[in-house]
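Here the protein sequences come in this chain order: A and B. According to my numbering, the first sequence is numbered sequentially starting from 1. According to my numbering, the second sequence is numbered sequentially starting from 1.
By construction, these hints were calculated from the structure, which means they are not laboratory data. These figures come from a predicted structure and were not determined experimentally. Possibly wrong hints are sitting among the right ones.
What the hints assert, rightly or not - Sample of chain A residues facing chain B (criterion: CB under 8 Å; computed from the structure):
id: 1; residue: V38
id: 2; residue: E74
id: 3; residue: G77
id: 4; residue: K94
id: 5; residue: A95
id: 6; residue: S98
id: 7; residue: F113
No residue lacks a Cβ here, since even glycine has one placed at the ideal position from N, Cα and C.
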Amino acid sequence: MTLDTNLEHITSEAQYHEIINNNENVMICCGRMGPMCVPVYDDMEELRNEYSKVKFYDMLFDLPDAHVIRNLPECRGFMGLPFTVYYKNGKVVKATSSIQMRDQLTEILDENFS
Amino acid sequence: MEEIYDIIILGGGPAGLTAGIYLSRAKVKTLVLNVGVIGGQMSLTHEIANYPGVPNISGYMLSRTMQKQAESFGCKVISNAKITSYKLAGELKSVELAGKGIFSAKAVIIASGGKSRELNVPGEKEFAGRGVSYCATCDGDFFQDKEIIVVGGGNSALEEAVALTQYASKVTVVHEFDYFQAHKKAVEEATNHPKIDFILNSTVSAFYGSQSLEKVTVKNLKTGEDTETKIDGVFVFIGYVPQTQPFKDVVKLSDRDEIIVNNQMMTNIKGVFAAGDCIEKRFRQITTAVSDGTKAALNIIEFLQN
Ligand SMILES: Cc1cc2nc3c(=O)[nH]c(=O)nc-3n(C[C@H](O)[C@H](O)[C@H](O)COP(=O)(O)OP(=O)(O)OC[C@H]3O[C@@H](n4cnc5c(N)ncnc54)[C@H](O)[C@@H]3O)c2cc1C
Numbered sequence: 001m002t003l004d005t006n007l008e009h010i011t012s013e014a015q016y017h018e019i020i021n022n023n024e025n026v027m028i029c030c031g032r033m034g035p036m037c038v039p040v041y042d043d044m045e046e047l048r049n050e051y052s053k054v055k056f057y058d059m060l061f062d063l064p065d066a067h068v069i070r071n072l073p074e075c076r077g078f079m080g081l082p083f084t085v086y087y088k089n090g091k092v093v094k095a096t097s098s099i100q101m102r103d104q105l106t107e108i109l110d111e112n113f114s
Numbered sequence: 001m002e003e004i005y006d007i008i009i010l011g012g013g014p015a016g017l018t019a020g021i022y023l024s025r026a027k028v029k030t031l032v033l034n035v036g037v038i039g040g041q042m043s044l045t046h047e048i049a050n051y052p053g054v055p056n057i058s059g060y061m062l063s064r065t066m067q068k069q070a071e072s073f074g075c076k077v078i079s080n081a082k083i084t085s086y087k088l089a090g091e092l093k094s095v096e097l098a099g100k101g102i103f104s105a106k107a108v109i110i111a112s113g114g115k116s117r118e119l120n121v122p123g124e125k126e127f128a129g130r131g132v133s134y135c136a137t138c139d140g141d142f143f144q145d146k147e148i149i150v151v152g153g154g155n156s157a158l159e160e161a162v163a164l165t166q167y168a169s170k171v172t173v174v175h176e177f178d179y180f181q182a183h184k185k186a187v188e189e190a191t192n193h194p195k196i197d198f199i200l201n202s203t204v205s206a207f208y209g210s211q212s213l214e215k216v217t218v219k220n221l222k223t224g225e226d227t228e229t230k231i232d233g234v235f236v237f238i239g240y241v242p243q244t245q246p247f248k249d250v251v252k253l254s255d256r257d258e259i260i261v262n263n264q265m266m267t268n269i270k271g272v273f274a275a276g277d278c279i280e281k282r283f284r285q286i287t288t289a290v291s292d293g294t295k296a297a298l299n300i301i302e303f304l305q306n
């Protein structure tokens, strides 16, 4: 399976570290092309234009290298796709499980990245 | 700032997008305003296998295709719209969008659809995505060899209970009545399944845990008795609620909050039409939503000409 979105995809552990360490504000949605994931990707595609200080990416949940997100301590107990993780200077500031509405996404973005 | 259209469609699911296709193709200046993600419930559907002419398609792809088709005829589509007020009663209808001004038109179609019903009990929101789920195809594989509960007794609940047995070691169906609303085949498959148990006349009344769900209270609705049960996951399939709250003081609703329309798809308010899952009807499918959207659009073309 591939992620059929217009977001930039993260495909390896090395690329993941490169991205979170070299950008101040990063949001990564790790999922599949499922009904709970697609609305989040769609919202992120639109939010890219509104939050120029944030980098938006997705990552396929089933990639072996996606263990970097699957095994984050902040994602312990998560049992719903997608896992959406927000990073500031390489550190996780927030992580959510399952579908999030646009208002929930903007609330987190405003709180952590404004 | 005020933008004027011939027609505003509230809702960008299959009903609203179909109306958008028909109206804009007929050169009616059309705006679709959608509060959520385009495609509505259709975009929440993993695989659609019963839309004629398309053997198998993800809800997401069908939504995108319908949106593009509407836009190709000149229909303007705004998703994630923040609608702050509706004025539907007078001759000229208008809605206001936060930061975007007022949009007005001579006619409106309400195609606001519906959404899954939640239990609305303590802990449900807190553990959503941490053991509480509304989508078996999305989250089933997190429950490999685990014990889960499915709440509900309709087609979705019993079909998904059977589907979830491919992951879970045990599935307990908790249902509020002592009979099922599902069709016969779904009931037979679930009741004959060796991994499925039933707790009838009962509901889940609270969720508990720390990082993820650990236990629930199952309430017997006949005796009032509460039983705490350790559980790894709960899937909730208890039906659907129409999204008609913003219109309840304007258009006539049934006792289930569905919009009542006449055979032209018009509500009790002149110029306000309704289509799709938000109207009073028995079968809620993409095909029926598409049919309603078509009828509303064609009636509106006549309405605008008169
Ligand atoms: C999990 C699931 C699986 C399904 N599988 C199938 C299937 O396989 N085949 C099938 O035929 N049917 C299926 N259905 C049913 C089908 O999806 C619905 O019948 C159909 O989507 C209804 O279309 P609609 O346009 O009336 O409403 P919806 O699809 O609900 O769309 C309504 C849209 O309006 C928006 N909205 C709500 N309020 C407002 C407002 N005030 N203003 C503006 N916009 C608003 C909503 O955000 C939404 O985007 C499924 C449904 C679900 C939940």
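task: State the violated hints by number, sorted upward, taking the hints as numbered earlier in the document.
output: 2, 4, 5, 7
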